[in-house]
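Visitor: Top to bottom, those sequences are chains A and B.
Counted the way my numbering counts, the first sequence spans residues 61 to 437.
Counted the way my numbering counts, the second sequence spans residues 61 to 437.
Hints are computed from structural coordinates only; laboratory data are not their basis.
As the structure is a computational prediction, the values presented were derived from the model and not from experiment.
Please note that the accuracy of each hint is not assured.
Which copy is meant is left open, so a pair is good if it fits within one copy or across any two.
[To be verified] The calculated lysine-lysine pairs, modelled on PhoX-like cross-linking and capped at a C-alpha distance of 20 Å, are:
1. Lys111 with Lys290
2. Lys156 with Lys369
3. Lys369 with Lys356
4. Lys311 with Lys111
2 protein chains.
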Amino acid sequence: MKFRLLTPGPTPVPEETLLEMARPVPYHRTPEARAVLREVLEGLQYVLQTKNDVVALTSSGTGALEAALVCSVPRGAKAICAYAGRFGERWHKIWKTFGVESIPVTAPPGRAVTAAQLERALADHPDAVAVCAVHSETSTGVKHDLAAFGKLIARTPALFIVDAISSAGALELRTDDWQIDLLGTGSQKALMMPPGLAFLSVSPKAWTRIESVQAPAFYFDLKRYRAKLKDPDTPFTPAHTLLRGLQVSLKRIREKGITNIWQECSRLAAAARAAVQALGLELFADPPAEGLTSIKVPAGTDGLQLLSKLEKQHGLKLAGGQDELKGKIVRLAHMGHIDYFDVLAGIAGLELVLMELGHPIRPGSGVAAAQHSWAGC
Amino acid sequence: MKFRLLTPGPTPVPEETLLEMARPVPYHRTPEARAVLREVLEGLQYVLQTKNDVVALTSSGTGALEAALVCSVPRGAKAICAYAGRFGERWHKIWKTFGVESIPVTAPPGRAVTAAQLERALADHPDAVAVCAVHSETSTGVKHDLAAFGKLIARTPALFIVDAISSAGALELRTDDWQIDLLGTGSQKALMMPPGLAFLSVSPKAWTRIESVQAPAFYFDLKRYRAKLKDPDTPFTPAHTLLRGLQVSLKRIREKGITNIWQECSRLAAAARAAVQALGLELFADPPAEGLTSIKVPAGTDGLQLLSKLEKQHGLKLAGGQDELKGKIVRLAHMGHIDYFDVLAGIAGLELVLMELGHPIRPGSGVAAAQHSWAGC
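Using the sequences and the accompanying hints, generate a full structural model.
Guide: And the structure:
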């Protein structure tokens with residue numbers, strides 16, 4: 061049976077990237093290795109639409125966010141954490157772990173924190189030295205309005221820190237235009253890579269702050285990464301084979317063009333959502349991020365059985381809900397190396413399994429609606 | 061030109077491991093992914109000769125050591141750091157960064173800290189709650205006598221923390237017999253893998269300490285890793301393709317047998333050193349670790365030019381010295397997937413380049429001495 065990975069991370073990796081990573085391992089402290097790193101960092105600046113420095117870390121995306129949060133906000137200071145799901149809540153927990161007074165600004169699962177909420181929080185806490193927000197909350201599929209957040213934060217001395225782990229390379233993301241100071245992402249989402257690498261863009265304003273903070277960090281001490289940026293290198297042994305793979309995937313992104321990718325991702329999202337609604341199912345996220353579609357499991361249907369049948373009978377690996385959303389939602393990714401026909405396969409599988417589970421479905425209504433949407437008619 | 065990687069990390073990766081990592085990326089929260097992790101952790105217990113828990117981190121080896129040092133020793137406590145080179149000094153710096161009073165016990169480059177030195181330090185600092193030592197100091201090629209250290213430390217309440225980054229899978233290492241509480245290693249040395257993964261074995265005594273410490277750590281918080289060990293999983297997205305590659309490399313190690321590997325590594329070291337001495341060159345490390353041979357660059361020879369010619373003319377990538385040892389030593393690795401004939405190639409190349417640089421060499425004397433040693437005559 062053919063396997064299709066349709067989870068919002070990891071996502072499928074192009075064959076040419078996989079084969080690049082199967083090449084013999086070179087030494088990593090050479091001009092050739094630095095050239096690979098340079099091209100990767102420049103490629104990431106393009107993806108993130110930023111002139112800011114980008115640093116590469118060998119860790120999951122959480123490592124990049126920990127570096128951003130801990131290196132820019134000292135113990136005892138106050139910061140605002142806007143979150144609406146499991147991943148955003150993690151950044152709040154990191155600040156609390158490191159003795160930062162983190163003010164939570166939250167929304168219920170499936171909804172987003174609004175600009176109005178953030179505006180109030182900023183007014184209530186003028187002494188907040190940073191604001192953290194999640195672009196695409198992978199656990200629910202919700203999108204936050206970073207452009208609006210950025211405008212509000214730029215009026216204050218606070219740094220704007222963003223988790224773009226499942227958004228970079230999928231949905232419109234303008235780091236510089238939106239005045240984002242620290243933006244973290246990971247390799248295994250829309251960047252078309254296996255997990256293992258994480259990245260952080262750092263604005264001049266953020267560097268100034270970071271240089272003034274005595275951070276409880278060593279491996280994640282951003283000053284060490286900055287010191288290696290000129291002829292780019294890394295302070296610790298990097299996952300070099302992954303960097304080389306990323307070089308190949310980034311070439312693909314450049315060839316396609318980042319705005320074209322955002323547009324395609326948006327069209328994929330529209331097609332998936334048209335299908336879901338044509339099937340009489342409900343969308344979970346409002347407003348939704350373009351990289352994934354979260355679907356409510358219909359009443360009377362066993363969500364875990366649905367996912368299991370999709371995988372075991374049809375080779376379609378979708379993600380479920382996490383924690384209190386377990387069994388209640390299904391998450392279908394459409395980013396990175398997942399194309400329209402993969403999404404169509406996901407929708408077709410969903411139709412087949414829902415029918416089998418006795419849910420009233422008109423076969424073909426989902427895929428037809430997706431096709432209508434994709435064809436633009 | 062054929063390329064031969066002979067540096068003490070990264071080291072060459074077997075083709076079957078490389079190809080495993082080129083397979084399509086699966087989802088990492090599945091019974092199949094947990095089975096991979098379980099086999100990897102059991103394989104590492106075998107390599108490290110321990111019944112202790114082993115946790116896997118996505119980071120360089122430094123990350124594993126940071127986790128060990130920071131999670132087991134609270135800010136304000138006192139600890140002893142035995143070091144004789146760049147890597148050991150790093151662990152001392154980590155403790156200082158996190159507010160631990162780290163007592164340095166050192167030896168000059170090329171020499172090792174002795175058990176007598178450690179005994180004195182333990183007597184002078186009975187309040188030390190941990191001792192950190194490096195097994196094989198990769199920067200100089202020196203070996204520390206962990207068996208002797210372990211006996212001394214076991215008489216005290218201190219934890220014994222070991223950097224086995226370039227020793228695990230190369231030289232004799234008996235975690236349990238030597239009473240090592242926390243032992244960290246990395247993927248890219250004798251484990252025959254690219255960089256990107258790090259591992260830590262944790263004794264019950266260490267877990268008790270760790271549970272009592274409020275560590276300034278999140279990504280490196282070992283409590284989070286412990287909580288996932290039962291049906292083994294990881295608290296953060298792991299570099300799953302690397303774990304799968306390691307599964308293949310560990311199978312090779314099990315098939316060969318760890319004591320056979322130690323023995324072969326020791327024979328390789330003897331052959332390399334016989335060659336070096338037959339060439340009239342001086343060995344740098346005393347006592348030397350079996351995974352690499354450090355050779356003094358002879359007076360009048362440009363060490364950087366020597367390395368450059370080895371690489372550019374002969375495809376032989378050896379490592380030089382770091383920091384103050386730059387240009388002064390050459391490091392030839394013999395661990396992991398580097399076999400006798402690779403070492404012989406390294407020695408042959410060294411002869412050729414030394415001759416070219418005008419150093420008086422009797423051609424063939426090095427390779428003949430290696431051959432004598434290897435043949436056991």
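Visitor: If the cutoff is 20 Å on CA atoms, where do lysine 111 and lysine 290 land: within, between, both or neither? Let me know, please.
Guide: within (15 Å within a copy, 45 Å between copies)
Visitor: Should lysine 156 paired with lysine 369 be assigned to within, between, both, or neither, using CA atoms and 20 Å as the limit?
Guide: Answer is neither: 40 Å inside a copy and 53 Å across each miss the 20 Å cutoff.
Visitor: Using 20 Å as the alpha-carbon threshold, which applies to lysine 311 and lysine 111: within, between, both, or neither?
Guide: Close inside one copy (18 Å), not across copies (46 Å); limit 20 Å.
Visitor: Within a copy, between copies, both or neither: which one fits lysine 369 and lysine 356 at a CA-CA cutoff of 20 Å?
Guide: within (17 Å within a copy, 64 Å between copies)
Of the numbered hints listed earlier, the single one contradicted by the structure is hint 2.
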